[in-house]
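Protein chains in written order, with the working numbering: chain A, 2 to 403; chain B, 2 to 188.
It should be emphasised that the hints constitute simulated quantities derived from the structure, not laboratory data.
The structure displayed is predicted, hence computed values, not measured ones.
Yeah, the Cβ is synthetic: ideal placement off N, Cα and C, and Gly gets one too.
One thing to keep in mind: the hints can contain errors.
With the Cβ distance kept under 7 Å, some of the chain A side facing chain B (calculated, not the full set) [unchecked claim]:
1) T29
2) D32
3) R151
4) M219
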Amino acid sequence: MTFNPLEQRGIPLDRQLRNWRELNVEPTDPDHADPYTRCRIIALNGIEVEALLFSHQFARHCADLDVKRQLAEVRYIEQQQQKVVNWLLPAPASALETTIAYEQVAVDLTAWVARMEPDPYLKQAYQFGVLEDFDHLYRYANLYEMIQRRKAERIVDGLTEVIPGRPTKYHHRHPHDNVREPYDKTTAAPISKLHALTIMSAEQQTMNFYMNVGPEYMEPIARQLYQEIGLIEEEHVTHYESLVDPGETWWERLVNHEYNECYLYHSFMETESDPRIRAIWELHLNMELEHLHVACDLMRAHDDREPEEVLAPELPAPVTFEPNKAYLRELLDTQIDLTTLGTGYVREAHERFERMQENIHGGAEPPSEQVIDLHREQYGTDYRLETEGEHPAPELRQQVKR
Amino acid sequence: MTEDVIQLLLGQHGQIRDLFTRVQEADGRDRRDAFAELVRLLAVHETAEEQVVHPLARRAIDAGAPLVDDRLAEERQAKELLSRLESMGADHEDFLPLLAELRASVLLHAHHEEQYEFPYLRHSCNEKELRGLAVMVRAAERVAPTHPHPGVETGVENLAAGPALALFDRVKDAVSKAISTDDRTAG
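If we strip away everything but chain B, and leave its shape as in the complex, we get (with noise of 0.2 Å):
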């Protein structure tokens, strides 16, 4: 099956929708592990959009520009989210609603970016374009580091060793790194 871009991301947002679901209805332990594949995923994807698809936007679409400045103030403050989260860890008694809220902020923000820009951008970009760039996105996915902390493998220590939000801001470098690599080689 040849995706591109545009399916990739697409899938994405049904994983992690159904992965917040999965934090959701899990305690203790499966939380923590739920919780750390749904910070990697996000992390991963977020990267693809910023680098490859909101620049891609930004150019090909008729007043892209606006548009996109609004989903990267999504992202930003679905960051902040996350990071409060990292910070009272899975446990804590406010962690169900704070996901909750990051929840609705991340579906809205995926909700805008399927009605007002995926459409647009499979209009204005041909597809073997859109092919290529979901090539470039798995690879870098491919990189990225997938425990909080490389050589720790449950739940418990990685969030004792390593917060979430190190392994995104790990996992958004190595995909950046990977995308920016594969630019050049194709350019």
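Okay, chain A solo, but in the shape it has when bound (with noise of 0.2 Å):
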């Protein structure tokens, strides 16, 4: 069935304000809860925050008052869907359980949009990525056993494997090094626009939220690790970002925010398992069908073109949550020693990585090997869950202390 976004209406722009009682939204059940009904509200509340974050900048780039007002009006809205969302997560619930999920969120959303993107250079962005999202997964997975006494199966419900990734420790590269080159705006397929945009939102939303949870923790190795895993959500947010052409207009931007708006609510909607959490993104779908008709509106009187142009004729296949174990696995099997030179992929650690190593850890282990060191001490082994037989690479199969 095609679904082309700007052939449809939604619910008119002055009759989409919710009062308190419309905005008073049950949690979902942390335990009973489809995992992946709780990666969605996440992904989404990344894309929601990305929407708020974009419209403000806009609005200090923008002069014209009335262009201002209507931003200010659609972002209200956008206030109240990112209300709505984020107040759905399973409650109750810890910062390092919603951490958990935010890795598993980062895993199989990576994961699927590395699988489904044309452009092999993009492709490689992600694939890269994912395998660090993955080890951050095994790592927060060990601390939440040590200082919460549950195992992270109970959260990711054997969905998504816990095991080691690319380690974390060679995550710290230079800064320079993070930063790739854009896809060119007039020959990329629309998809690749919104795969760039979705995960640079999933990734950002990642790195303001452990900036704010991870002080606080009281248990020092909870702290150092959310300030170490803290920093590469940085680098992350760097790599991803520079995906996106700088040359596409304000105009052009804020149509592409809202066109992914409506991809993820309406792909969310047609994969959704929980009823009641179907209509909601059934609701914001159709609220975001008229902030795009506004966006398409402001694209044709100020950028002189049609949002046409740029806009896929209709919405790609719907992004889907769905276990990418084997995938995992291919990847690890062969990239898992890959670090990146200016702006492409390198299996060697070259001297400006090297230099980056030594000054960040200081001569000592960083906090991302201390959680699993002490995690031996306590249990005599790591946390892992293996749903698929051992480890791929050999040299990261589990130890046992004797």
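With the hints as a guide, dock the two chains, each given alone in a separate frame, to form the complex.
Below, the structure written as structure tokens:
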């Protein structure tokens, strides 16, 4: 079934405001909800937060009061959408449980995007990044068992494996090497633009989350691990945002943002297992369709172009949360020892990488290694959830303390 | 592994949470057995909190008294729900909705402790003291009865012979006694 958001009308903007009662949504259940429902909530929150931050930046660069008012009006509704979406997160839950769910999102969303991305350079960027999120999931899962005395398999529910990826200590690259080449807005497939925006938004909210919840922990290892992985999120946002063509006009970017929101709400409406949550995705899709029309009208008026020139003629196949175990194992097998050099990828540890490693580690083991050592001390071994057999990389197989 | 009392209680929060899921997903005899196990763990856990952790929190945390009063009120509420579940039995048609209510109240209670009590306790008590308390709670747990009616081994007979709530009270008595004995020896 094809769906072209440009041809659909949604709820008129002046009827989109919700009152307190309508905003007061029930959270999902921490133990009975579909883990991928939680993933969809997190992914959409990332999309909404990016829409808000982008709109604020746009307003700060815009002198036209009428445009600023239009942006403010849509933005207020998007704030309400963010409040509804993120308030669906399971409750009660700890920040660390939400963290593990964030990493599950990063793993299964990035893996799906990597599988679907038509451009080989962009695909490589996602394949490179996903092995790092995969390792973060493993490090936080070890922290979770240590400080909350519970296994992460209760959270990921066997849909995502919890095993080492590219070891976190090697993610600390010189910032120079985190900047990628952008796609070319005139030749890139519309789906490539949507993918870049989606993954950038997901990583950005992870960065924001860790920078705020990390200091709320008292346990020294938790505080340190959030700092370390928080700094890698900075690298990931740099990596993904540099994929987006900076030559796009503000109007074009606005249209792409609104279109991507339509795409994701539509995708999740198609794939959601919980009928109550599905109804919310459908409602928000019907709001986004009007936001898209506002953005398209602004583009026509100020950019003197038709939005159809930059958008896909219909929505691409729905973004789907599903297990990517075999795909991830194949990447573990072939790309675990990659790092970046300039805008490309290499296997050898080059001089700038080595210098960064020496400086940041300061001759000691980083928190991401300490967390595993501490877990081994307490439990005799690290925590893993291996559902598909032992680790494909022999050097990363489980060691048992004698 | 030398655990301290906070780690011990956190671990029990996780077990209680998972046991609720087990009761909710089982039926018949499995449900009755899982429920009896849940009742026992709740009894051990709440007793340890009431006898060991809350008194400590009252003393050690700034403005700890009202905080502990709130936790005790939550525990009383849970106990009432447990008592109603007990009298209706695990096969009653209203059992699962009421169990869901108990679960929500217990999970929220645990969440409050994890947010507002445990971190402050760890901050204001020394590690040796917290480890000593864990040893005391573990010892008390060992003397707690495991079955609603000693000598009766199956869930069905248990339910017929002695209500789970009676077990709750007996576990609490045993654990309290063990803890207070330990206290005297230690003091």
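A quick look at each hint next to the structure:
no., hint, in the structure
1, T29, "violated (13 Å)"
2, D32, "holds (5 Å)"
3, R151, "holds (4 Å)"
4, M219, "holds (5 Å)"
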